[in-house]
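Novice: Listed below are the residues making up each chain.
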Amino acid sequence: GAVVSQHPSWVICKSGTSVKIECRSLDFQATTMFWYRQFPKQSLMLMATSNEGSKATYEQGVEKDKFLINHASLTLSTLTVTSAHPEDSSFYICSVFRGISYEQYFGPGTRLTVT
Amino acid sequence: ILNVEQSPQSLHVQEGDSTNFTCSFPSSNFYALHWYRWETAKSPEALFVMTLNGDEKKKGRISATLNTKEGYSYLYIKGSQPEDSATYLCAPSDAGNNRKLIWGLGTSLAVNP
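Those protein sequences? They're chains A and B, same order as listed.
Per this note's numbering, residue 1 is the first one in the first sequence, and the count goes up by one each step.
Per this note's numbering, residue 116 is the first one in the second sequence, and the count goes up by one each step.
Pulled out of the complex, with its shape left as it was, chain B reads as follows (with noise of 0.2 Å):
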């Protein structure tokens, strides 16, 4: 895997807003996609790992999908809060080394109140 592109780069919502992100990367040699959540300052935190086509995670207002056949996965914040603002990363790996992760530049979410 070595092209990882999500879109759109960054991106401001109103609170209550509903939002959604994409993840894109090679389909072939798909191991596993990981999401994590990065706010300023603080350690990246995993929010989902996802490894079939058609998976679906959800916690409480974020829930992601994930299509390995053509290569994408989508993000989605349900009535965006403030405390959402951060950036998203995704990252998938591949069956040939599946520990190592290939992250995508992110998705810089501001909600504003």
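Pulled out of the complex, with its shape left as it was, chain A reads as follows (with noise of 0.2 Å):
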């Protein structure tokens, strides 16, 4: 498999502010990483793919301007979640994508809180 770490693993900050959380791929170049969101007794929802050097394809009813996705390089992908508000409280997870088998690869996933 492919060792994938995020940071930070857990966040508090205030109403208004933003936050960024990235996610690394350690062992394997990754053209493709996804990122989710968990909240509260559901699903894994996927928020955005992150493509290396283009631009993110963003989900239906996820906004592009609030949650910025920078993936510069093959093993760095960012998400900033802009002028945070509570509700953007949640679990984020994000993933490389391993062609051959389309298997996934999971970090750790950050705990957002906003207050």
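Hints may contain errors.
As the list claims (entries may be wrong) - Lysine-lysine pairs mimicking DSS-like chemistry, simulated, CA-CA at most 30 Å apart:
id	chain 1	residue 1	chain 2	residue 2
1	B	K172	A	K20
2	A	K66	A	K20
3	B	K184	B	K172
4	A	K55	A	K66
5	A	K20	B	K184
6	B	K215	B	K184
7	B	K215	A	K55
8	A	K66	B	K157
9	B	K157	A	K41
These are computed hints drawn from the structure, not numbers from a lab.
Fair warning: this is a prediction, and the values are worked out from it, not measured in the lab.
Starting from the two chains in their separate frames, assemble the complex, guided by the hints.
Specialist: In structure tokens:
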């Protein structure tokens, strides 16, 4: 598999501030990464597909100006939650896509709490 | 693929018991079915990817089967151990976008020693 790290593991921020979450592929060059969000008692929901060197593809209903994704290298994708509000409080988790097997390898996730 | 259902929602078994869970999904436009194990405070771990009707995969005491015609997959754990305690997630993808996984809510398994 692939080893994926995510930082920070948890973050508390005030309403109106921005928060950046990093997703790193430690042993695999990832042209594609995925960002998911999970609210309590709900399933993982895909937010966007992060493509190295090009713009991210956002799922319907996800605001691209609010959730900024940058995938500037084959090992790093970042998700920035801009002007965070309490309703953005959630568990955010990234994955690395391995094309040959169609498997995804996940980071440990980031718990975001907006007060 | 819009709706993925997993049952049961949670399960408590004794060490040594064998158990199984179900994942149901719409069979139209199916591409692949993924099973993951997610332990608390850890990353989800890929268990199996299956694509063909009748596929069976096995990893140690865990195995899975796939029926694409009727739209279901079973995950079996033989001789459950406390370290098997986790949430087991299934996620099908469809032929229109085979990289996009649609996730179930999972089955939470607790194995009592």
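Novice: Could you tell me which of the numbered hints above are not met by this structure, giving the numbers in increasing order?
Specialist: Hints 1 and 5 not satisfied by this model.
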